[in-house]
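Novice: Input sequences plus hints: build the corresponding full structure.
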Amino acid sequence: MSATNCLRCLGRPAVAGASRGVIVPVFAPRTAPFSTTAVQNAMPGKPQKSMEHQDRSVRVYRAGKKMKIKKKGNLDRGKPPAPGERKAFRKKIVLSNDNALPVPWVTEMVAGSLSDRKQVGTIVSLPPVLQDQLRATEAFQPTQTWGLFRKPSTLIRQESVDLIGKMEKAVENKETARIVLTGEKISGKSTMLLQAQSHAYLNNWIVIHFPDAQELINGSTEYAPIPNTENPTLYMQQNYCLKLLQSIKKANEKIFAKLLSVSSHSELPQNITVNQPLLSLINAAKEAEGAWPVFQALWSELNAQGANRPPILLSMDNLPHIMKISEYRSASFDKIHAHDLALVKLFTDALGGNARFPSGGAVIAATNRNNGPRIPSMELALKQRLAVQNGDSEGMPVKDPYFKGYDERVEKVLKTVEVMEVNRIGKKEARGLMEYWAASGLLRTTVDEQAVSEKWTLGGGGVLGEMERAALLTMKI
Amino acid sequence: MASIPTTRRGLAAAMRGAARPRSLEQQFQAMRLSAKCSRCLSTESFQAAPEIDSEKIQGMIQARHARPVPVSPSYFSRTSRFNDSYLALDKLLRIYGNLPIIPPNAVERVSWKTLDDFRHAVGEQVRATDYVKCLAIVKRLHQIHPKLKPAPVIQALNDFKRSVQAFKNETVKQQLDKYGRSLGNGRRKSSSARAWLVEGNGEVLVNGKTLADYFGRVHDRETAVWALHATGRMDKYNVWARVEGGGTTGQAEALTLAISRALMVHEPALKPALRRAGCVTRDPRRVERKKHGRVKARKRPAWVKR
Amino acid sequence: MASAANSLRLCLRASRKISVRPAASPLLRRALTTTAAQCARPGRKKGWKDPSDNFEFPEPYEGKAFNDLGEQLRYSLENDELNEADRAAVQQALASWENKPNEEKLEEQQIIKEIDKEFAPLRAPVRARHNSFWNAEEQDTDLITDEVGEDDFEENDMMAMGHAKLEEHREYREYARIAVWEMPLLSKFTKKFEPPKENEVLRFRYTTYMGEFHPADRKVVVEFAPRDLSELTEVQQSKLCKLAGARYNPEKQTIKMSCEKFELPAQNKRWLGDTIARLITAAKDPTDTFEDIPLDTRHHKFKSIPKYPKEWYMSEQRKKELLAQREESLKLDMKKRRTRELIDGVKLIEQGVLSSVKEKEPVAVRVKAR
Chain A
-2 MSATNCLRCL
8 GRPAVAGASR
18 GVIVPVFAPR
28 TAPFSTTAVQ
38 NAMPGKPQKS
48 MEHQDRSVRV
58 YRAGKKMKIK
68 KKGNLDRGKP
78 PAPGERKAFR
88 KKIVLSNDNA
98 LPVPWVTEMV
108 AGSLSDRKQV
118 GTIVSLPPVL
128 QDQLRATEAF
138 QPTQTWGLFR
148 KPSTLIRQES
158 VDLIGKMEKA
168 VENKETARIV
178 LTGEKISGKS
188 TMLLQAQSHA
198 YLNNWIVIHF
208 PDAQELINGS
218 TEYAPIPNTE
228 NPTLYMQQNY
238 CLKLLQSIKK
248 ANEKIFAKLL
258 SVSSHSELPQ
268 NITVNQPLLS
278 LINAAKEAEG
288 AWPVFQALWS
298 ELNAQGANRP
308 PILLSMDNLP
318 HIMKISEYRS
328 ASFDKIHAHD
338 LALVKLFTDA
348 LGGNARFPSG
358 GAVIAATNRN
368 NGPRIPSMEL
378 ALKQRLAVQN
388 GDSEGMPVKD
398 PYFKGYDERV
408 EKVLKTVEVM
418 EVNRIGKKEA
428 RGLMEYWAAS
438 GLLRTTVDEQ
448 AVSEKWTLGG
458 GGVLGEMERA
468 ALLTMKI
Chain B
54 MASIPTTRRG
64 LAAAMRGAAR
74 PRSLEQQFQA
84 MRLSAKCSRC
94 LSTESFQAAP
104 EIDSEKIQGM
114 IQARHARPVP
124 VSPSYFSRTS
134 RFNDSYLALD
144 KLLRIYGNLP
154 IIPPNAVERV
164 SWKTLDDFRH
174 AVGEQVRATD
184 YVKCLAIVKR
194 LHQIHPKLKP
204 APVIQALNDF
214 KRSVQAFKNE
224 TVKQQLDKYG
234 RSLGNGRRKS
244 SSARAWLVEG
254 NGEVLVNGKT
264 LADYFGRVHD
274 RETAVWALHA
284 TGRMDKYNVW
294 ARVEGGGTTG
304 QAEALTLAIS
314 RALMVHEPAL
324 KPALRRAGCV
334 TRDPRRVERK
344 KHGRVKARKR
354 PAWVKR
Chain C
1056 MASAANSLRL
1066 CLRASRKISV
1076 RPAASPLLRR
1086 ALTTTAAQCA
1096 RPGRKKGWKD
1106 PSDNFEFPEP
1116 YEGKAFNDLG
1126 EQLRYSLEND
1136 ELNEADRAAV
1146 QQALASWENK
1156 PNEEKLEEQQ
1166 IIKEIDKEFA
1176 PLRAPVRARH
1186 NSFWNAEEQD
1196 TDLITDEVGE
1206 DDFEENDMMA
1216 MGHAKLEEHR
1226 EYREYARIAV
1236 WEMPLLSKFT
1246 KKFEPPKENE
1256 VLRFRYTTYM
1266 GEFHPADRKV
1276 VVEFAPRDLS
1286 ELTEVQQSKL
1296 CKLAGARYNP
1306 EKQTIKMSCE
1316 KFELPAQNKR
1326 WLGDTIARLI
1336 TAAKDPTDTF
1346 EDIPLDTRHH
1356 KFKSIPKYPK
1366 EWYMSEQRKK
1376 ELLAQREESL
1386 KLDMKKRRTR
1396 ELIDGVKLIE
1406 QGVLSSVKEK
1416 EPVAVRVKAR
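Just so you know, the protein sequences line up as chains A, B and C, in that order. Take the first sequence: its position 152, counting from 1, is numbered 149 in my numbering, and each next residue is one higher. For my numbering, add 53 to where a residue sits in the second sequence, where the first one is 1. For my numbering, add 1055 to where a residue sits in the third sequence, where the first one is 1.
Any given hint could be a false lead.
Claimed, not checked - Calculated pairs, DSS-like style, for lysine-lysine (alpha carbon to alpha carbon, straight line, at most 30 angstroms):
id, chain 1, residue 1, chain 2, residue 2
1, C, Lys1358, A, Lys425
2, B, Lys289, C, Lys1307
3, A, Lys425, B, Lys226
4, B, Lys242, C, Lys1358
5, B, Lys262, C, Lys1307
6, C, Lys1374, B, Lys231
7, A, Lys182, C, Lys1358
8, A, Lys380, C, Lys1365
9, B, Lys289, C, Lys1362
10, A, Lys425, C, Lys1375
11, C, Lys1391, B, Lys349
12, B, Lys231, B, Lys262
13, B, Lys262, C, Lys1358
14, C, Lys1365, A, Lys182
Said to hold, decoys possible - Just some of the chain B residues that point at chain A, by a computed CB distance under 10 angstroms:
id, residue
15, Thr132
16, Ile207
17, Asn211
18, Val271
19, Leu281
20, Arg295
As the list claims (entries may be wrong) - Simulated restraints, written as ranges between beta carbons of each label pair:
id, chain 1, residue 1, chain 2, residue 2, range
21, B, Asp336, C, Gln1372, 37 to 43 angstroms
22, A, Arg83, B, Thr334, 46 to 52 angstroms
23, C, Arg1421, A, Pro125, 53 to 59 angstroms
If you are wondering where the hints come from, they were derived from the structure by calculation, not from laboratory data. From the three backbone atoms N, C-alpha and C, an ideal C-beta is built for every residue, glycine too.
Specialist: This is how it looks when you write it as structure tokens:
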């Protein structure tokens, strides 16, 4: 608008039109000839509400009147979620569903049920005490489908029986079983860890579980160098340590109440003398500041030789995360290798075979496929171990001589571990599982061989999580 | 002209050609090499065409009249070749019309030339009504009992048959190979799939991966094995498939078709069931082309005042 | 430019008496020509004169400038090469020139000067600009045609389109003739395929664009497999592969190299042959066998084509297995059905709903009073 007007102003004087006999409308707004501002729409002579327009035949347009929408005052949008509330909701674990039908034939898990070869393909439920213990160590994950069924229950698979068998055998020989669980996406590696923990709890082991290795290395917890450690400098994570101690205490309270200390720990905030219950040792860690020394003291107490300690299960989920450079920085702003973090070092030492538990135990780690970094040296090491276990020396994968991404420290840790593949389930196990689903009122089919085979195929040949997706988590009419 | 006339008929044709100019394409077609000559591009030893002996040709054309006289009496008509053949057929009908005929449903099915085909063949603008009449005679002659059908009739009818006889096509019956596999292929959108079906226990491998590995969406997995699901054969067969092109949905639906076709080789009786399940017909829909002046295939640009 | 010059020339020509002066006269054309001034050619007779012409301009002599025609004629008389007739003609011209009154001489002189001045830019030699795009500024002298009467139709011929059609037809026939008469003769040149012998290890590839110029037609590619070189030991062969670097294809186990350095394919081939010879001598060199260096395959992407699983091949054994499996599963189903252990999800849900209704606490219901 303004541009056209202006050009016209510049082109000829405002009076030129009249002088050439061009009809200029009277109501045309006269502007200053060189003005660049827009012509105001306001009438030059604004019709006023006065006596001259009392004649109704003359229509008067009201100018400048707008419809006004009354703005509502502050809308009540409710309270915004408190800090941490959203995360709590995201991480919420629901373990039962009252709308699901109870399944009559499901028995409770007992100490020996996971090692019973006859029970392969059956479903056992987790007793309430065990549920609390597992909750304390965060063994349940929100992505798993516990919330669909009446009671949290788990399928006894061939692999789980094998795994438990290895744990038991290690304890018999007072050795440490060092196992890495690998397998496809959602094939049940974390659940297998949960079963191992369940077995440990039911058999009065001490369980120390790192629920997510990612939390240790992604720079989300505070860290500090441990004094008097050189080459390499180690780092402690006191906050994480406190959390871990609390979860250990909550999960293993009964056992710790019975175990007594064998040496005095004067360096702790609370002086612990000989023959005090270990529970009081853990209780010494009230704040984050003293957590790491307490944890160290606890670890040395647990590993004390000749004190008749119970077997220990040390487990970790999402192993690949601790096999890389962490997000932490040293004082010289260099990135810290994950194995220089004291807690991680503790675990990797145990996994690498440097720690010996006095009455045996197991170190179990589960890899993850979905949200894990690719660690070439770990993948290679696991493949090599698998080839060695299968006695396949010809098909042994070799290092790519020109690839630079290998990590020697990782290789060293995984050099002697045992690799267990969590594979697809067989049709027999699938049938047991699907019968349980149907009996819980979640599968609207007759569970016969054909139905089982169909879901087994849709689940990529028996990948448990995929079968769940195909059968339970998709809308069906 | 185009080809050197060696027979009287050819001469007549040439004369006709001279009288009524044919299109250049037609002339060039007439000039094209016969099938016998197409060998010349092969690498075997080949003898070039013999030279034309003009004396010999002159000997063959024996002038009966002092002036050249058209061969055909219908030479001066608009559609002379058609008229000739029409008259010939009429004559044949008069001669052999009372031979025994067989009922129409027992007659061997033949695809006759369409009007366009015939016009193209004779190079004349034959009228549709005339051709219909002519074809009626053809069909009547064709109805003569095949054992009694005289040679001239057969020869005359050949001019009206299409070069490709679709009714003679036989569907190739597919069979299992020596490993007990059947191969079916399917397409959808721009995907194409080949599926080898073998008796087994319900394993499916697509491009070497399991169904769950290859298709992230459960719906796609179900679509891919829909043919087996619909016929209750999920646990009876193993599938080995190669898929390429397109997106996941297209690939899954291409697999449906491929598997159902492979299944029909194993069990042809399942065809009706598969048809009911919608696994027999290829879905011909493809992405609609974009048009100029539009934003997408259908979407129109927003109306803007000035 | 060209057309302007042309029209100018036409105008000038029209203003002259064409019937009197034949256009072919070289002397006359020289004055008004649009071509660049050239040096006198040695073969040409100087001062050549058309007998029908009584007016002439002598040719300009190399490097000489004359004030007037008389001076020029005098100069040409000094030339010894003139023959008698020419000499006489020149003398006659000179005499007529000298007999002319002064004003006429001056006038003629003036006219020639003016014309020369006018045509100087046209006579300037036109050089193609070598840095221009496709020599775009170069004038095409062929385009200057005698356009007079070009579009007149005399009604004695076909139209241009008819000619074009005929031309097209001629082309068809030409190719048809070639196909029938000449193509079969190519069969004389056929050669029988002979597979390469054992000592013919190198396979060369050349490129031809059927006579057209192409920058890639000089390229020669050679491919060979190191294991075909039977004179090399295995260690030497592996050294050869390592020396070849990215030219080695570990999947096909061949070395492929090309050359387009030189202008001729033969030169390129020679270079390739020499290079391979040098490679082989280097591979044979025992001072360093490269055994400690692993083969580098980073340049190559290995393709893995999924293979049909062999266990699926149908055999009697496999048939029996499958039958057994099926029988087993059938039996399992039958057994479960018989013992009513077969689980029907729908039925169970219905039962569950019913039982949950039953479990509800009794609610007081109003009953009609009797």
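Novice: Does the beta carbon distance between Arg83 of chain A and Thr334 of chain B stay inside 46 to 52 angstroms, or does it fall outside?
Specialist: Taking Cβ atoms as reference, Arg83 of chain A and Thr334 of chain B lie about 50 angstroms apart, which means the hint holds.
Novice: Measure nothing beyond the straight line between the CA atoms of Lys1374 of chain C and Lys231 of chain B; if it is 30 angstroms or shorter, mark the hint as holding.
Specialist: 14 angstroms, holds
Novice: May I ask you to test the hint 37 to 43 angstroms on the CB atoms belonging to Asp336 of chain B and Gln1372 of chain C?
Specialist: 40 angstroms, holds
Novice: When the nearest CB of chain A is found for Thr132 of chain B, is that gap smaller than 10 angstroms?
Specialist: With a closest approach of 67 angstroms, the Thr132 of chain B hint is violated.
Novice: Quickly compare the C-alpha distance for Lys425 of chain A and Lys226 of chain B to 30 angstroms and report which way the hint goes.
Specialist: Answer violated: Lys425 of chain A to Lys226 of chain B is near 39 angstroms, above 30 angstroms.
Novice: Taking 10 angstroms as the limit, does the beta-carbon of Arg295 of chain B come near enough to a beta-carbon in chain A?
Specialist: 18 angstroms, violated
Novice: For the pair we were handed, Lys242 of chain B and Lys1358 of chain C, check the Cα-Cα distance against 30 angstroms.
Specialist: 27 angstroms, holds
Novice: Quickly compare the C-alpha distance for Lys289 of chain B and Lys1362 of chain C to 30 angstroms and report which way the hint goes.
Specialist: 21 angstroms, holds
Novice: Is the hinted pair Lys262 of chain B and Lys1307 of chain C satisfied, with a Cα-Cα distance of at most 30 angstroms?
Specialist: Holds: Lys262 of chain B and Lys1307 of chain C sit about 26 angstroms apart, inside 30 angstroms.
Novice: Holds or violated: is there a CB of chain A closer than 10 angstroms to the CB of Leu281 of chain B?
Specialist: 8 angstroms, holds
Novice: Would you check whether Val271 of chain B satisfies its interface hint, that is, whether its CB is within less than 10 angstroms of any CB in chain A?
Specialist: 5 angstroms, holds
Novice: Take the C-alpha atoms of Lys1365 of chain C and Lys182 of chain A, compute the straight-line distance between them, and say whether it is at most 30 angstroms.
Specialist: Holds, because 26 angstroms separates the two Cα atoms, which is no more than 30 angstroms.
Hint compliance for this structure: hints 1, 2, 3, 11, 15, 16, 17, 20, 23 are not met, and every other hint is.
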